[in-house]
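Colleague: Okay, here's what each chain looks like letter by letter:
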Amino acid sequence: MSKPEAPDVAFSLLHTADWHLGRRFPRFPEEDEQKLTRARREVVTKILDLAESRRVDAVLCAGDLFDEYAPDSQWWKAVVEDLARRKWTRQVVLLPGNHDPLVSRSVYEPSHAFRRGLPPFVHVVDRPDFELELADNVVLYAVPCTSHAGQNDPALQLPARAPGDERIRIGLVHGQTFDIEGHQTNFPIARDAAQQRGLDYLAIGDTHGFRDVQPDAPVPTVYPGAPEPATFGETDAGHVALTFFPRDRRRRAIVESHRVGTWQWSEQTCSSIEELRALKSDDSLRKCVLKLQIEMRLPITEYDEAGAILSELQGSLAAHPRVGVLLADRTGLRLEPPGQKDFPDDLPPVLKSTIERLVAAADQEPERAERALHHLFQLVKGR
Amino acid sequence: MWLRRLVVHSFAGIKHADIKLDQGLNVLYGPNELGKSTLVQAIRAALLLPDSSAAHRDLIDWHDDQPPRVELTVETDRQRIYRIKKSFGSGADGSSLLEFSKDGESFVLEAKGRDVDGQVRELLEWGIAQPGGGGGKHGWPEAFLTTALIGTQDEVEAVLERGLDGDANESGKQRLTRALQAMAESPEFRRVLAAAQVKVDEAYTPKGRRKRSKGSPWTEIQSRLKLARDEQDAARRLVNDSLSAGAGVEEIAETLAGASTQQAEAEAASQLLQVACRQNEARTAAARFLADAEKTRDRVQAYYTAVEETGAVLKTAEAALHDANAATAAAQTALDTAEEQVTAASKHLVKLESGSAEQERKIQRQEIEKKLLAFDAARKDGERELELANLAAVAHRKADELASGVEASEKRLNDAGDLLQRAETQTTGDQVALAKLEQLELADTLAAAIADLTTARADTEAVAKLRHEAAARRQEAQVIRSRIEALAVPDEKALSELGQQLHSLQIAEGKLQVGLSVRIAPKKPLDMSVAADSAKPIAHHLADEKTFEAEGHLIVDLAGIAEVEVTGGSAALRQEAQEMRQRWNHEVTLILSAAKVESFEQLLDASERATKELGQAAALDAEADQAEARARGAGDAETRLAVAERSEREARVQLDAQLTAGDSFERLLEEALEAGDPEAAEKERQALEQNIAKRNDQAGALRTQVARDESTLESANRELEAQRRDCKAADARLSGPFQDVLARAQGTLAKITSDRTSHEAELKKLGTSASATIDAAREKQEVAQTRADQARELLEQKTDAASKAQSAVTRSAAQLDERKTRAADEDLPAAERLVEELRKALKKLPRPTVDVDDEQLAAAHELVKRTTNAVRDLESERSKREGALETVGGQYIQDRLDRAEEAVESISDLEHLTEIEYSSWQLLLETLRIAESEDAVHLGDAVVRPIEERVAALTQGRYDTVSVGPHLDDISLTLAGAARDQTSLSIGTRDQLATLLRLTIAETLETAVILDDQLVHSDIGRMNRLAELIYRCADKSQILVFTCRREEYEVENYTAKANWVDLRRVVERSGADEIAGEV
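Line order of the protein sequences matches chains A and B.
The letter at position 383 of the first sequence is residue 383 when you use the working numbering, and the numbering goes up by one with no holes.
The letter at position 49 of the second sequence is residue 49 when you use the working numbering, and the numbering goes up by one with no holes.
Derived from the structure by calculation, the hints contain no laboratory data.
None of the values given here were measured: they were computed from a predicted structure.
Every residue gets a Cβ at the ideal spot worked out from N, C-alpha and C, and that includes glycine.
All clues stand as given, with none of them false.
With the C-beta cut set under 10 Å, the calculated list includes, among others, these residues of chain B facing chain A:
1. E188
2. K199
3. A900
4. E902
5. L924
6. T927
In silico DSBU-like links for lysine-lysine, alpha-carbon gap of 30 Å or less:
7. A/K381 with B/K199
8. B/K226 with A/K291
9. A/K35 with B/K226
10. B/K199 with A/K291
11. B/K102 with B/K207
12. A/K280 with B/K199
13. B/K728 with B/K820
14. A/K341 with B/K199
15. B/K315 with B/K820
16. B/K411 with B/K398
Sequences and hints are given; from them, build the entire structure.
Modeller: Right, dumping it as structure tokens:
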């Protein structure tokens, strides 16, 4: 389906969700964690800039803007500042999700400094019968999450189309359109909820990958996904949805996925020193969060080289890392049992004796002994 | 290690001394008897002697009864400064403290009491056994390094005689081995060793524990891991809560499904019974209706039959009456005629017999004329009767018209009444609905009150449970305390006193352990056994002299000759020890017996267990406090419950007041729950109130109309009544029903006219006189008279018959009127149709499939009610649990747990890698040391080179080589190619050799060494060279020289390097006056 030209577009919007501002990444060292949390804040600016450059008529944020309902002030202040500096007339709608539900002491409470700091063009969905006229003949209905979990379908709480209502009707909710065993409480959304409620577009949030739930359905139900991935294995994360409503009301709304994320999260296993060497020259890894599993057994010289490559990928105080954020599991990096031949011939007897003892110890505790041999190798190799 | 400061109080002959020392050479000089050796002894006591050792008696100030005290500050490594404080004596006089500092200014307590000596010996690594092990001479622990580094003045050469293999443990040997081997190692090995050590030091303490200080690789990992685990625990708790809540929802859902099934079954069963019951009731009612209808129909039928029969009787009576009247009239007529004929015949006869014919004719004429007049009068009467009958007919017609008007009015009135009744019925319905709404509102209030009550009861139960738990904990704690009390374990104070007593006993017995030595020199081979202290006797066959040693008790059994028992200590001390032992045995036996233990150690264990259990009791009390606090935290649940109960009761009373027959709380509560929307209920209420008002208005208008119609009807009835009275009056003026009278009058008038015409014709015939006719006239008179008599008799008979017939007609007519009136109110066809319809309806009604009685029906109702309540309660519970689940559960918390677990896993992996990394360095270091140790076990070879060089320098090459045994024993010199055992050397040379060995060891260990006036046998030349050597050795070690000959250490170019301490300035002697003159 082709994208309609501007004159054919009755209304356009930017649909985003799952910013998860304030999310911590405790599995990473502090420096790496800062990179990732900083990227989450920066992507908000990118999203708002995109809305401006694409001149969309409205911006819908479908929940989980914050990772918790009362995040640290640095997170909501950044959002307020970014919104407040824009002199917009386009309306922005913020929806509380299951991570940041509309509960007592949440940022969405009217008395909260976040709410008070928002400019007038920003609306918070703070009641179940929320209705907002986005433009002439374009109306938005939305239902907020008021708890971390719920069993009722928020989309089916939206009002149905009344006979004779010819307006473009957009729904905005947060939940899941698929069943996960044991998670029946996660705001289930019927796949045909948009049709049941006579909507022209159902904007939803929760899943972190971009997804048009039923591309063949006459009405799009869309997850834009998280603009920055939050963990490994999130397919198609890092996007927002740009949605265009044709003037010809018989046509389905056009949904365009637009990448805004900085980081790619990927997992890789290296089984040979060659594969590991290849990573050194892969420039794409600089903006990558790489979970690297090393599975190889090497002679001591290559073992030494593998260690050096990993250090190079990881970076140091003196050198930038070749991988943006590296999570290397080197428990699978093993040393082929070395012998005296792998060491210089003219070592003092006591060191030769040490090598023999460590080789013997490798039978009992291979990991320690291999590493000890490697340390010894490093200490004597360049003498 | 080097010594920084020494402070002594009341120590042997020194009242007070305070000496600050430097690294390098310290020359402490002063005259004899100033206390130089005492200061050395003070250092040794600080480092070696337990505060309660019996040897302390040698340290007691001769002029003071204060316990001897010493304070020694040492630095083992950079910024690792320890201060040892000891006060020597028995009981409370003895004490030890070990303090630590990084700056030498502020100290923190590291250990006290017995632990001090243990830690000091670990720090020194001098091969001294831990406290409690074997002691040395006179209680002073001995080892090779104590002899080498802080040996006393009188054991200068002991270092040459003693090797490391005589040490109590291996620590001294290991330390020296490490140091000496390092000297002998290749530079590359040392580099590797140092690098490994650096890496190990990054992560581990000298004792091999993980470093916790800032900069340690573990610190950040542990910190991150702790945070991640805390988060994991918190998230797991929430997930567990969520799972528990989810399980609770599922559980309640299952229970609810079962309860719903039971409810449905109960309802179905109840429905079945109700249907059967209704069918029964319907059939019974229909049968009753049919019977009633049949009765009605029979009754109506009887009315109709009676009317018909009465009509027939009346008709018969009327016919009889008519015949009787006709017969009467005919008889009357016949009588009249006969009488007239008699009269006429008589008159005619009279006239014929007495008068003229003319007169007779005239009389006849007059008679006929009289009859004509009579006919005229009768005609007038008939006409009047006809007029009266006509008037009555008019009155009846008018009455009929008025009755029709009344009937129409009544119909209108009935219609208005029906409308009014309908309006009132509808209003009543609306009022019932309104009342129902009010009931539902009250039921809603009651439902809310019941919900509050349920919550309050749950809270109360929770509070009661907490209180119960608290009481149980307290009881448990009390049980523990009672059990502990029953154990009769002495309290801590008593136990401490016992400990003190035992300690004193041990000290008293320790005083007897002075060290015994018995030398037996047999004149001839001798069999004997020796038992040292409490050991078993050991048999000996003694041919040569042998010395036997013991701590305090020695029994030598000279077989067949004598038994020699040697005990240590004075008689007083033995007496003291024995008394203390007796006292101990006496006192402690009772306590041990009470506590049911056999030894003081067991008593201590029991006390420890008791303390532990009391701790548990305290913990239980704390738990009880917590439970009570939580109960208190739950607020006044009972008050809330009472309020909730009162609210529920009031709501129930209010609702009860509104209950009508057939209503029940349960049904109303259920309806209130189903009603749901209060706004809709309010709207419904308003609509009902509007309808009621509107219908009241309509009813008012209808009532006005009905009143008006009733008034009109009343006046119409009054008018009708008056008209009927008129009719009755008109009828009363008539001789019978106006129709009959009218018909009779008309008949009479016609007959009169006819008779009059005949009489007028007869009058015309009169003309002829008739004497002849007199006879005929007489005969005629007689015949006429006979006929008249017969006619009269007949008339009487007919009149009587007519009267009877009239009575019968009147009676029958009245009866007919009554029956007609009654029958007119009934509708026989309708009654028959109704009977037929009811019969068909009864036939159509189904027969019940089951037999049911009231008891069964009530039981079914009760079951439905119970199951419905159960379902409602379960639904309410499910809502609550779902609410709880929504608050805590969902993907949100699972995500959080997943992240936390990933973090824990990731950081644990990092910790594992770090552990592998550093422990591999540790392994490398250990392996290096093992290899080093096993490759260089001959310590003598390691130390011989510097000693050889120094001996050569000292003796100016007199000796060729020096030989030192593998354990630093068996030192010998080679002179002119011949080995010279050290015992064969001069005292001075041995003294010098020992000093060089000690200096070399101190230099190797980079530690302090004390030289206490040791070189008194050296000549001036060697002394000068030795002094220079001492200065050189002081570059790597601390040397404390105590001397009374200061000048021997004043070596050109070196003097300034030494720290010179004039002991006269820093030492205050006890009884100073006695030696003042010597200075």
